[in-house]
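Peer 1: Construct the complete structure from the given sequences, taking the supplied hints into account.
This is what each chain is made of:
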Amino acid sequence: EAQVTQNPRYLITVTGKKLTVTCSQNMNHEYMSWYRQDPGLGLRQIYYSMNVEVTDKGDVPEGYKVSRKEKRNFPLILESPSPNQTSLYFCASSLSGLETDTQYFGPGTRLTVL
Amino acid sequence: DAKTTQPNSMESNEEEPVHLPCNHSTISGTDYIHWYRQLPSQGPEYVIHGLTSNVNNRMASLAIAEDRKSSTLILHRATLRDAAVYYCILRGNDMRFGAGTRLTVKP
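For the record, the sequence lines run as chains A and B. The opening position of the first sequence corresponds to residue 1 in the working numbering, with each subsequent residue numbered one higher. The opening position of the second sequence corresponds to residue 1 in the working numbering, with each subsequent residue numbered one higher.
Keep in mind the hints are simulated off the structure, nothing from the lab. The hints are all genuine.
A few chain A residues that don't get close to chain B, going by computed Cβ distances all over 12 Å:
1) Pro8
2) Thr20
3) Ser24
4) Thr55
5) Glu70
Some chain A residues near chain B, calculated using beta-carbon distances under 7 Å:
6) Glu99
7) Gly106
8) Pro107
Output of the computed footprint for chain A on chain B, the stretches with three or more beta carbons under 8 Å from beta carbons of chain A:
9) 24-35
10) 42-49
11) 94-107
Quick caveat: nothing in here was measured; it's all calculated off a predicted structure. The beta carbon of each residue, even a glycine, is placed where N, CA and C say it ideally should be.
Peer 2: Structure follows, in structure tokens:
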């Protein structure tokens, strides 16, 4: 089944404790991205990647890192999480970054930073 | 950046058609109009997209105004499972989600 998976689905952590949220897709997609969703602010893009070893900042990249060493994986790294990074995170992928592409979203990771 | 304007919420009765409007008066010639929806506790899912012509698929229809400054997503027979937040998005070099329209379907 074609899908985007994220782990963990739920995470409660404390300020300053490094964490990684994994994202994997099995559709051989070149384009992957991370979004965060907050009440009243909608979905905002954090980082995106057009292909392996190519990443770029989205609208809200501060406090986040990403890497794209393999085509299927696009982990989101919070080196020193803070409470304002408490949010619902979605990973997405598409065949390429073209305007006609369909984006496939993962099920989401709900992160709470205390 | 080109933006979209949608009503915050709409209601529909089950098995009736639903017309979800979207205004995008600053759309550029190369922007595609995409619609996604987000069911409760799930990630967004693709619904339909188009450039100039009206489009149909198994989920919905997309009617695009001749001047492309507005579009309407049409659900031909709403079901309870269609209750979701519907996002109208202009897709050019980027893909920005607005607040969307929360659709409530009443039995």
